[in-house]
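Novice: Take the sequences, apply the hints, and build the full model.
Below are the chains, spelled out letter by letter.
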Amino acid sequence: MSESATSNWIYLSNGQAADIDKLPVMEMAAFQETILHEIENGARISALFGQPVADETVRLWAILSQDRRSLLLPLCTDTGADYPALTPRCPQAHRFEQEICEQWGMQPLGHPWLKPVRFHAPYRSTAINPADAGTPEIGVMPFFRVEGEEVHEVAVGPVHAGIIEPGHFRFQCHGENVMHLEISLGYQHRGVERHMMSGPGGRSLHYMETLAGDTTIGHATAYCQMLEALSGTGISVRAQVLRGIALELERIANHTGDIGALAGDVGFLPTMSYCGRIRGDVLNMTAVICGNRFGRGLVKPGGVGHDLDSALRRELHQRLNAVEKDLTVAVNLLWKTSSVMARFEGAGALRPEDVEALGFVGPTARACGLERDVRNDMPGGIFRFTQIPVSTCSSGDVMARAHVRWLEIQRSITFIREQLDSMPDEAVRAPVSPLQPSRIAVSLMEGWRGEICHVALTDHHGRFAAYKVVDPSFHNWFALAYALRNQQISDFPLCNKSFNLSYCGHDL
Amino acid sequence: MFNSLLARMQQKHRTIAFPDGPPPPLPDRFAGRPIIHPERCPSGCRACSDACPVGAIQQTDRLRIDMGQCIFCTECVAACSHHHIEFSRDYRLAARNRTDLHINGPEEFRFAAALDHHARRLFGRSLKLRQVSAGGCNACEADVNVLGAVGWDLGRFGIQFVASPRHADGLLVTGPVPENMHQALLKTYEATPAPKIVIAVGACAVSGGIYKGHEEVHNGVCDLLPVDLLIPGCPPHPLTILDGLLRLIVKMEIDKPA
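Chains as they are written, first to last, in the working numbering: chain A, 105 to 612; chain B, 10 to 267.
Hint data in this document are derived by calculation from the structure and do not stem from the laboratory.
A virtual CB, placed ideally from N, CA and C, is assigned to each residue, including glycine.
Be careful, since some hints might not be right.
[To be verified] Keeping only pairs whose Cα atoms sit at most 35 angstroms apart, straight-line, the calculated DSBU-like set for lysine-lysine is: (1) A:219 - B:221; (2) A:219 - B:196; (3) B:221 - A:404.
[To be verified] On the chain B side, residues computed to face chain A include the following (Cβ under 10 angstroms): (4) 13; (5) 63; (6) 151; (7) 204.
[To be verified] Listed next, the stretches of chain A that the computed footprint assigns to chain B, with coverage defined by at least 3 CB atoms under 8 angstroms from CB atoms of chain B: (8) 264–272; (9) 317–329; (10) 370–379; (11) 389–396; (12) 511–521.
Specialist: Laid out in structure tokens, this is it:
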């Protein structure tokens, strides 16, 4: 990469805005070569999306995360009706290029796996992408198929057996052995991104709170951090502490529920029952702060909607002690039970090189030994001042994912204790000024499933010209499909729960 | 074996006493059924309805909150300087009819009535439900699911979630019903043997919630299927959901105080 080409790049940190007009619009070839070069040097694609700029032109934006330098590199280029696909040379782009094609009609030529992502009509009707060409019928697509006399196909969903969200899974099996799993989603598509355009509006924060309801704090904080970046609003440390406590409570609650559900999936009822209840106790702690078990109304632009006085902090301390005591007994029982360990160990293993190549995030990546954690790599909010050690494991299987979650629970408990005792005496909410025009900002959070990435561009009036949300599930659904290869189909529920990915977070 | 027994002793018996005993305590900041004081409302003021992100507050001849649309964000309370809206701590929100969820003033809220005699004979002691998430964000789903955990122990009332609509007496639907789930929802309903009931849980399923009016969704289940029980909230507290289910099959006296 020549020095003249790189000298006008603008790097961003998490929650920092830049002037869009100062970013060079690259040639397609240079754009793609830069992405490949950066990935070669350890960067990841955090987001890749399209923004309509003219009738038949879409600007492609790539947000590359350089974790080791804690910097984000935004790159852009313009494309017409088609462009050479990046995916053949960069597998982690595959889902993003499918999405760009579905939303804006820009064909990635040579994409090996061009299928619908969410099965919706194009976001705008143009000559190259007429909306009246018909909406794709949900779930109807050319599934990958293995042929052979002894091969059989298993189709599951969209409506599943448990109380969970809808999605379709198609297995190619030889006996019990899964040769291939293809996951087809889109059933939960509610049009969040489309309705964020020209925002922010009255519902914007609520879209974010319900984008993935179990990650209300994660997405709402990413959104509020975005508004603060684009408007130049600073928030108090006390508000950052409260956001941090809520984020870690969300992590503890979900990890606890999933460890319990993993126990249930191998028929070990004691830990399942205990964790199911303890998860509720943690949700109730969030309700102590804001009245709602999922943290609705807690995170607000400019800070938080509720404060904690000393009596409530004491109450949270007591509840946290009780949770820690019960949970330690419940989870340790799991590790001591050999029949459970026999099912966890070796099930659904991923290799670190696949995680790197396909860009997986969160506990999925950390369970393969990768130290990939936004709280550490791209710290925002309170995590700029205090660090939570990154929890990793090496075997990449169900056992590793369960173990990483338990490590994270313990470290989040320690973090919350420290933060409850170190809240500076300040206001918890500051007024937010209007968004500045022609800005770009990236807001990252480590949600309990992994990296949450929001990217916003403002137009000349300070309204959203684009608002891109990348839920960690968008990266990681493919990890589940990958983990199932050469596994027994009867281990699918167990593998699935070890990731517990979001359908609505993916479908938007 | 010994480890399991020791853990069992440590975890203790945790099933709540409700409905025979008091309900579990709700958080101090819990927002329950809204109360309107119309006499405090000056004419021409639209502060509350302008602040409502979902258009749940209507001001025609008199102020009205549609609790089926409300997401309990309390923005209206913050916007009103006349204190004409407050959110009580009453968790009992379920209703049998859509219009019963309209809060107009100080009138008594009409709690969900029980099923008729015939339906109660069929479902009163054993109610098997198939849950269908149709665009739900996983918050309503989670708080329905938690009723099966040991603390709430839904099974003691004969209510159970089953894996197939063929085994079910009815559907419990969450979410605004995206177009992409429309067909699957109707097929699941058809696959459920009659007589059957439909329960809508959460603002999205009742009215579309914050997704109301999106081209991508059907504004909830009410226009698609005959709904027997509506449980508002975003998401409703598990106690609210349990209260609604128990009223339907008369496991709880209607006039029992909160």
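Novice: Output the numbers, in ascending order, of every earlier hint that fails for this structure.
Specialist: Per hint list: 7, 12 violated.
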